[in-house]
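Peer 1: Sequence:
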Amino acid sequence: MTDKLRLFPAIEKVLILAVLAAVFLSLGTLRLQRPSTPDGVEQLDGWYYLQDGQKVDVHLPCSLTLGSGADLVLYNDSLSSADAGTLTTRGAVYRLRILLGDEILYAYEDSDFPRNDQMRSKLDCTAALPGDLEGQQLALVYENPGDGLFHLSPVYLGSSSAVFRWQAASDAFTFFMVFTMLLIGIIALGIHIYLSVIHMPDPRFASVACFLFICAVWCALDSSLIQQLTNMSPSVCYISFYAFMALAVPMIHFVRSTGEMRRFRSLNVCLFLFYLNVVVQSLLDYFGVCSFIDMLLATHLLLAAGIGLITILMLREYARTHHREILVTLAAFAILAAGGLLAIVLYWLLEIPYYGAIFEIGILIFIICLLCSLVTTMAANLRFKAEAVVYQRLSQEDHLTGLANRRSFEKYLTDLETGSDIYGNMALLFMDLDGLKYFNDQFGHNVGDELIIAAARCIETAFSEMGTCFRIGGDEFAVILPDPEGDVEDWRKRLEDSVRLYNQNARHRLSIACGASLLRDESGRSKRMSDWKYEADQAMYACKRQQKEQQSPEVSSINQGREGKSYGI
Numbered sequence: 023m024t025d026k027l028r029l030f031p032a033i034e035k036v037l038i039l040a041v042l043a044a045v046f047l048s049l050g051t052l053r054l055q056r057p058s059t060p061d062g063v064e065q066l067d068g069w070y071y072l073q074d075g076q077k078v079d080v081h082l083p084c085s086l087t088l089g090s091g092a093d094l095v096l097y098n099d100s101l102s103s104a105d106a107g108t109l110t111t112r113g114a115v116y117r118l119r120i121l122l123g124d125e126i127l128y129a130y131e132d133s134d135f136p137r138n139d140q141m142r143s144k145l146d147c148t149a150a151l152p153g154d155l156e157g158q159q160l161a162l163v164y165e166n167p168g169d170g171l172f173h174l175s176p177v178y179l180g181s182s183s184a185v186f187r188w189q190a191a192s193d194a195f196t197f198f199m200v201f202t203m204l205l206i207g208i209i210a211l212g213i214h215i216y217l218s219v220i221h222m223p224d225p226r227f228a229s230v231a232c233f234l235f236i237c238a239v240w241c242a243l244d245s246s247l248i249q250q251l252t253n254m255s256p257s258v259c260y261i262s263f264y265a266f267m268a269l270a271v272p273m274i275h276f277v278r279s280t281g282e283m284r285r286f287r288s289l290n291v292c293l294f295l296f297y298l299n300v301v302v303q304s305l306l307d308y309f310g311v312c313s314f315i316d317m318l319l320a321t322h323l324l325l326a327a328g329i330g331l332i333t334i335l336m337l338r339e340y341a342r343t344h345h346r347e348i349l350v351t352l353a354a355f356a357i358l359a360a361g362g363l364l365a366i367v368l369y370w371l372l373e374i375p376y377y378g379a380i381f382e383i384g385i386l387i388f389i390i391c392l393l394c395s396l397v398t399t400m401a402a403n404l405r406f407k408a409e410a411v412v413y414q415r416l417s418q419e420d421h422l423t424g425l426a427n428r429r430s431f432e433k434y435l436t437d438l439e440t441g442s443d444i445y446g447n448m449a450l451l452f453m454d455l456d457g458l459k460y461f462n463d464q465f466g467h468n469v470g471d472e473l474i475i476a477a478a479r480c481i482e483t484a485f486s487e488m489g490t491c492f493r494i495g496g497d498e499f500a501v502i503l504p505d506p507e508g509d510v511e512d513w514r515k516r517l518e519d520s521v522r523l524y525n526q527n528a529r530h531r532l533s534i535a536c537g538a539s540l541l542r543d544e545s546g547r548s549k550r551m552s553d554w555k556y557e558a559d560q561a562m563y564a565c566k567r568q569q570k571e572q573q574s575p576e577v578s579s580i581n582q583g584r585e586g587k588s589y590g591i
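Numbering (the numbering used here) for the sequence shown: 23 to 591.
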């Protein structure tokens, strides 16, 4: 057991190192430009803009500065009918419009849900070019950002399916993270359900699952591909913002369920503030006072304050208890805080659109740390419960026969005394093994134990499908039959058949006397437990006397001569 306990921290470290390695490999593959184009997609060249009536050629990608403050218009006169297909570029940050002659093919619009520059910089602007392009002029109109500085992305042209595959490949990392979050979330939810079924509930697994599902929704809806597929739907943006605002809620519940952290009332206040943030922002946006995007900073500050508060409280708790679980949870939140801080820096200061990937990586490491700690705790709890179950079973099981013992029998009767009304009737059978002392004296206790075990097996064969079998003494057995079928003679016949089958190949003949009593009398009233047991006991002794009287003198003489005593059912 000690070796297994030491193994879990080692596994946890290996997993964390593996994730960190994956993070560095992923960061190494991230580029500010889109991935290389697949078959069917080509970069469209031949762009120019007019300056003082003169054409100025432009080779994308590039950066341009216009001092006049006017919008930038790129033209392309090189199109032919062979170029018909789908055109795509990233220019939503400049509220791009795509025109073919006087016809508007695409115009970025976010009046229903305003987006900031960071959000727009991730979006693809896509337009379908018609088949007749001969002599047509294509124009891209970029709105001046105010400082006259334009950072232009390449323009690509290809079939609609090829462009879609390329856009999907651009968001492949995000959807890999979404898939990983959903998979881990389902596993965590499955563990939570399993622990609840075995009466060892740990709500923290449910909190982890809820957090991962919310993160998956936020990451997926925040991606360029989903925005494109839903035609920049405001509903998608609203759901994404609500998911982001709710991220901290399941994690606060997780912390409150860890150790004795529930005693910190400030966690309840923090939870209330996150709910209040959702309500206030919803009202302000609904009445047009302030949009969600303008209040995003408030959510970021609240998240930072929440993580800071959790860190401080867990430091206090660890200083008090020195529990490893608190330390691992604290380290996990430190990793999440670092990832969130880096993402905020990329978002607000550097305006880099890949802030989400950094935060997603931080979330994944955070969750793996928490789950490793939870699984370690769960394994220890399961081992403790298994040991407790084994101990309880041993305390209520006869070690020689495997039947329930006298303690279990008395407990059954105690429980029955308070709940007998749920049964139509109950039968109690007392059984006694004949001649055990003789066998112990003549052949040794091994033979006596062999007969006790044989009697237990015969009784099980006869009654295990009908009720519960007990060994209540050295050679004494009992069976309780709920709502029994048949009568006393039927039950004795079942036992006789079982004993007769054993005696066909036995070294020593087995004989068992059996007596029975019903819990309810003829009027349906329940008897007292003492009267019920007394009647069954007296019926058993009457059976013993009857068996001896029914044996013929010849059988009795043979048995006496061979074993010193007569036996036989």
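A few of these clues could be false.
[As the list claims (entries may be wrong)] Within a straight-line C-alpha distance of at most 27 Å, the following computed DSS-like cross-link-like pairs (lysine-lysine) qualify:
id, residue 1, residue 2
1, K515, K459
2, K570, K459
3, K433, K407
4, K570, K549
[As the list claims (entries may be wrong)] Across the chosen pairs, the derived CB separations fall in these ranges:
id, residue 1, residue 2, range
5, R429, L295, 18 to 26 Å
6, S279, A92, 37 to 45 Å
7, P225, E507, 55 to 63 Å
I should point out that these hints are in silico values taken from the structure, not numbers from a laboratory. Cβ atoms here follow ideal geometry from the backbone N, Cα and C, with glycine treated the same way.
Peer 1: It remains to establish, for every hint, whether it holds in the given structure.
Peer 2: These are the hints, each one checked on the structure:
1. K515 with K459: holds, 26 Å
2. K570 with K459: holds, 17 Å
3. K433 with K407: Roughly 21 Å separates the two Cα atoms, so the pair holds.
4. K570 with K549: It is violated: about 30 Å lies between the C-alpha atoms, which goes past 27 Å.
5. R429 with L295: 18 to 26 Å: Given a distance of about 55 Å, which is not inside 18 to 26 Å, the answer is violated.
6. S279 with A92: 37 to 45 Å: 59 Å Cβ-Cβ, so the 37 to 45 Å window is violated.
7. P225 with E507: 55 to 63 Å: Roughly 45 Å apart at Cβ, these two residues miss the hinted range, so it is violated.
Of the hints listed earlier, those the structure fails to meet are numbers 4, 5, 6 and 7, in rising order.
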